[in-house]
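Asks: Residue-level listing of the chains:
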Amino acid sequence: MIPSNKTKDVVLTALWDDNPVFRQILGICSALAVTNLVLNTMVMGAAVVFTTALSGLTVSLLRKWTPRVIRMMVEVLVIAFYVILFDQALKAYWPDMSRNLGPYVGLIITNCIIMGRAEAFANTNPPLLSFVDGLFSGLGYATVLLCVAVVRELLGMGSLLGMPMPFFSSPLWDRWIIMVMPPGAFFTLAVIVWLARTIQVEKDTKKETKS
Amino acid sequence: MTIGNHMLHLLVVLFAAVFTDNILLARFLGMCSFLSVSRQVKTAVGLGFAVVFVMTFTTALDWLAYKYILQPYAIEYFRFILFIIIIAAFVQFIEMAIERYSPVLYQNLGIFLPLITVNCAILGASLFMVIRDYNLAEGIVFGLGSGLGWMLAIVAMAGIREKLNNARIPKGLQGPGITLIIAGLMALAFIGFTGVLSG
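Chains as they are written, first to last, in the working numbering: chain A, 1 to 211; chain B, 1 to 199.
It is possible that part of the hints are untrue.
To be verified - Each computed DSS-like pair below joins lysine-lysine, with the alpha-carbon atoms no more than 27 angstroms apart: (1) B/Lys-171 / A/Lys-206; (2) A/Lys-203 / A/Lys-8; (3) A/Lys-91 / A/Lys-6; (4) B/Lys-42 / B/Lys-163; (5) A/Lys-8 / A/Lys-206; (6) A/Lys-8 / A/Lys-64; (7) A/Lys-6 / A/Lys-206; (8) A/Lys-8 / A/Lys-207; (9) A/Lys-91 / B/Lys-67; (10) A/Lys-203 / B/Lys-171; (11) B/Lys-171 / A/Lys-207; (12) A/Lys-207 / A/Lys-6.
I should point out that these hints are in silico values taken from the structure, not numbers from a laboratory.
Remember, it's a predicted structure, so these values are computed and weren't measured experimentally.
Next up, chain A with everything else stripped away, as it sits in the complex:
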């Protein structure tokens, strides 16, 4: 068994301190493109969580048998394996969604977050802990994506998950079409990053004045 406080540490670091989007601004390529609708974003988020968690587990299981020089190759292949699984399943059971997401599911392979977690964590840690780390890194990423998507769909279309919201779908609200277009993604993410960083800057200055 893994000690529970270590797991808690890993979870917290993955969700906030090392949140790939807020803190490192990594892997946002695919983050922005699919966030115009909440539903698309949830599927994309699920794909990322699935891939990070399972590739973390697999890379960690294989770490003792992987020669160091070819470990990057192995990591890429493991990640690609899970991405292909997800892509094929989506194509078979939900072809409409597969068309909506276009190439972005495949592009998860080049998402720096997944490779980063495999390289930085799964390579040196036991399988179960790597699975937890991957799971919550993926969830941290998916949460940011969802925040962006909620703002964009609500302001841009007046709905959430396709359901019209009170007020926002009424004539009182002029829909901000710009929010579902590409610039809206940049602006929304910029504001969210700004908020997260301001909170962090305040936290850091508090820590400094205390010590």
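Model the placement of chain B on the given structure of chain A, informed by the hints.
Replies: Coordinates of chain B only, in the frame set by chain A:
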């Protein structure tokens, strides 16, 4: 289709890839290096050229591989792996060739080449090409246009960010925050090109 028509069609594909459907500003690909390498115009130009070059050739290679390896055996789902291997191998090969034959070019371009393997815009261009069912000529022109569009965006961004060095920006907004806002404004400007194609 006459030759004139054909050329016009290719021109439309090129124009769309550079301006109206810019791979960075409308499709959000290649953001990581866009945010981190856009501080200076000089480096942005270097990386831009490397991307144009690699993208043009890899779309061609990927098209051939898709048509003559994946499709005949009906194993299209292997395209993610095959495309990545082709891109990595091509970049590696070019790096060795440049180092051997043109040390000057290697000094200017060499450091950017490894960065390109992980640039999702390169893989993205190939995937878009497959989804849109382009033929070889369209694919190459699309790769060239996407590369040029990416370069245009990163060089423009670097130019703006050089000017921003003297601006006073709120602490939380420095770095990625302000860059994203500028990118949003640029995307807004690029949407203006849409009328050119439909009109």
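Asks: Provide an ascending list of the numbers of those earlier hints which the structure does not satisfy.
Replies: Hint 3 alone not satisfied by this model.
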